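Visitor: Residue-level listing of the chains:
There are 2 protein chains.
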Amino acid sequence: MLALLAVLLMAVPAIGQQAIFTSEGLASPQINEDNSVTFRIYAPKAVKVEVCGDFLVSDEGGWGSAGLTEDGHGVWSWTSAPLASELYSYAFVVDGLRMLDPSNVFLMRDVRSLMNIFIVPGERGALYSVNDVSHGTVSKVWYESESLGMSRRMTVYTPAGYEDSGSRRYPVLYLLHGMGGDEDAWMTLGRATQILDNLIAAGKAVPMIVVMPNGNAALPSAPGEGPDGLYQPITRPPKSMEGSYEASFLEIVRFVDSHYRTVRKAEDRAVAGLSMGGFHSFHISKQYPDTFGYVGLFSAAVRQLEDGTGVYADFDRKIARQFADGVELYYIAIGKDDFLYDENVRLRSYLDSHGYPYEYHESDGGHIWRNWRIYLTDFLQKIF
Amino acid sequence: MLALLAVLLMAVPAIGQQAIFTSEGLASPQINEDNSVTFRIYAPKAVKVEVCGDFLVSDEGGWGSAGLTEDGHGVWSWTSAPLASELYSYAFVVDGLRMLDPSNVFLMRDVRSLMNIFIVPGERGALYSVNDVSHGTVSKVWYESESLGMSRRMTVYTPAGYEDSGSRRYPVLYLLHGMGGDEDAWMTLGRATQILDNLIAAGKAVPMIVVMPNGNAALPSAPGEGPDGLYQPITRPPKSMEGSYEASFLEIVRFVDSHYRTVRKAEDRAVAGLSMGGFHSFHISKQYPDTFGYVGLFSAAVRQLEDGTGVYADFDRKIARQFADGVELYYIAIGKDDFLYDENVRLRSYLDSHGYPYEYHESDGGHIWRNWRIYLTDFLQKIF
Chain A
1 MLALLAVLLM AVPAIGQQAI FTSEGLASPQ INEDNSVTFR IYAPKAVKVE
51 VCGDFLVSDE GGWGSAGLTE DGHGVWSWTS APLASELYSY AFVVDGLRML
101 DPSNVFLMRD VRSLMNIFIV PGERGALYSV NDVSHGTVSK VWYESESLGM
151 SRRMTVYTPA GYEDSGSRRY PVLYLLHGMG GDEDAWMTLG RATQILDNLI
201 AAGKAVPMIV VMPNGNAALP SAPGEGPDGL YQPITRPPKS MEGSYEASFL
251 EIVRFVDSHY RTVRKAEDRA VAGLSMGGFH SFHISKQYPD TFGYVGLFSA
301 AVRQLEDGTG VYADFDRKIA RQFADGVELY YIAIGKDDFL YDENVRLRSY
351 LDSHGYPYEY HESDGGHIWR NWRIYLTDFL QKIF
Chain B
385 MLALLAVLLM AVPAIGQQAI FTSEGLASPQ INEDNSVTFR IYAPKAVKVE
435 VCGDFLVSDE GGWGSAGLTE DGHGVWSWTS APLASELYSY AFVVDGLRML
485 DPSNVFLMRD VRSLMNIFIV PGERGALYSV NDVSHGTVSK VWYESESLGM
535 SRRMTVYTPA GYEDSGSRRY PVLYLLHGMG GDEDAWMTLG RATQILDNLI
585 AAGKAVPMIV VMPNGNAALP SAPGEGPDGL YQPITRPPKS MEGSYEASFL
635 EIVRFVDSHY RTVRKAEDRA VAGLSMGGFH SFHISKQYPD TFGYVGLFSA
685 AVRQLEDGTG VYADFDRKIA RQFADGVELY YIAIGKDDFL YDENVRLRSY
735 LDSHGYPYEY HESDGGHIWR NWRIYLTDFL QKIF
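Quick note, the sequences are listed as chains A and B, same order. First residue of the first sequence: 1, per this note's numbering; consecutive thereafter. First residue of the second sequence: 385, per this note's numbering; consecutive thereafter.
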């Protein structure tokens, strides 16, 4: 049996001789007892090795970098200061070439950037981790969009116990991504599966269905997951913020209401999104005022407060009707350094001047997933 | 609006200054009209750049490599010979350091190796691609294993139309991974979603439910997807081939039969797997002889033909009963160069000497995913 096991090791794809010069066997990243983190890479021919990541801040506010030092045997390393509990992202830069950590298979994609990740333990790290709690089901589901003329992919989370709860009906959150994102983004970059599982298990959020559609009206799915093949993702797909998606949104609601055991009432429906998804949530909730009782705008783009065409027509009248119908919660959250901060100041002035009630949360930082995970965590505890 | 769109571009995480020295903007890999493929990477400080991949064969039969040439401006490139239609894997090696292609976000993980992928068009490429056909639903589902003492994750494929087909019941294929694999492997490395969608849409396979559990009895899930956290995957997890998993397997069947609209008869159940998963299929189908009408052994490890303990006890009697009960299809496939070839010769001798019927397929090549995708494609057209 041992001989068989030994030989099965060979089932790992054999790669070229060069590939033995990787960092296999090195621990990287290594979370130390004081929550500092050590990064290592074997690069004997390198002249300069750096690590860049979101736990390092550059002068411009983006990812900073730190230089690794070589041990005389080709192993470069660097240890951070103790870090707060969080999910972090990073990559190496070897002689100017950005690359992933060969010792770490865990990564996320943001548009066309791949980044390694790690979790520093503690309260927030636990919230973003898979814990020994009951888990919901995550499905990739296709629906037909007549108005957009294609089959389109969405992610659907059903909470633990859904399959065994007979005829019980659940509230639904529609959770929308930002520009350059897709139906996978909230589950990967946003850790929504883990946040939902953990909050529901702790009794801090009610069991709910969460629907994450694709908000790029010209695209069927995330890159590589549709009939448009394996293409280089683009940051700004066409037809992202011109009304087609918002106008098609009830197709998604009808699909969900006819395929899942939902409560089909506004007080059991929420729509929330980040950045472009906040823009979508803003206009969708106003366009269909008796549909969504809860609205979440996370670092939202809040343009089109003047009359436009289609879903952007009749702004004042539509938002007046939305609030006249009663909104259980109109939730706005943004970071102090967000480039969309002024947009949100303007929105709040408008709401204030009309006496429309809302809840406002201002955080540190800018237009980043760390903030969106925090806003989601807060919002989930306030709906339904 | 354009100003907003421009500024939304900044939502992509800003990375260190170093990161501007990447290959963004380069087309790589570029599939040319004659199905040759050009690889490019911007690496101005590199001395030697190679591409290694499964379309290049080394003297040892593993991945070979080819050297790129530099254009005087830091861009290295190399063009392959025209390639047969297939899904291929590759990586770059820059001055001895293995790295992914910065221009290609599409990749697969095999144990702890990350590899870029591309598809060369044609018949097989189309089979492995997402096409404009009806798509099944792919779900990540957790079940409770009493015998293994933990919640465990599985992947479940339900065919297009399942949700809208009322009380219609479907046959079920249990599809098992190899050592070092997990419940994600058949869907990522094996392209099972695409193969199923395409064969079912073409009427070449019947609509079926496909269940892909995790075959490592000591583990709850794929690395990073369970409460064991973000750890470095290992090739040989404990309790992989010592009987625990096979002995627990009816828990999975019961879960599936009670949560999906299945036909609960042997003639509508199949079990198939690759390598270790073939070993599991071999023993599971014999242990529960009235449960599976179809058995697929793809490059299977076929040890334990002598009496052992537990599920490995009473070999002759159990397999005699399995074939006495009637097996619709006992399917064996292996490559000429597979390191488990002799095991399969021995199994066939045993089956021949006892007059147990089976179907045998011998392909070129060895213990590789390319072969397992082909075996799956063939097997799917012969069951139910």
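In case anyone wonders, no lab produced these hints; they're calculated from the structure. Treat the hints with care, as some may be off.
Stated by the list, open to error - Going by beta-carbon spacing under 10 Å, a handful of chain A positions derived as facing chain B:
| id | residue |
| --- | --- |
| 1 | Leu-114 |
| 2 | Gly-355 |
| 3 | Glu-359 |
As the list claims (entries may be wrong) - Within a straight-line C-alpha distance of at most 27 Å, the following computed DSS-like cross-link-like pairs (lysine-lysine) qualify:
| id | chain 1 | residue 1 | chain 2 | residue 2 |
| --- | --- | --- | --- | --- |
| 4 | A | Lys-204 | A | Lys-382 |
| 5 | A | Lys-48 | B | Lys-623 |
| 6 | A | Lys-48 | B | Lys-429 |
For clarity, every value in this text was computed on a predicted model and none was experimentally measured. Beta carbons are placed, not taken as given, at the ideal position from N, Cα and C, and that holds for glycine.
Visitor: Each of the hints needs a verdict: does it hold here or not?
Guide: Tested hints:
{"no.": "1", "hint": "Leu-114", "result": "holds, 6 Å"}
{"no.": "2", "hint": "Gly-355", "result": "violated, 27 Å"}
{"no.": "3", "hint": "Glu-359", "result": "violated, 24 Å"}
{"no.": "4", "hint": "A:Lys-204 - A:Lys-382", "result": "holds, 9 Å"}
{"no.": "5", "hint": "A:Lys-48 - B:Lys-623", "result": "violated, 43 Å"}
{"no.": "6", "hint": "A:Lys-48 - B:Lys-429", "result": "holds, 11 Å"}
Hint compliance for this structure: hints 2, 3, 5 are broken, all remaining hints hold.
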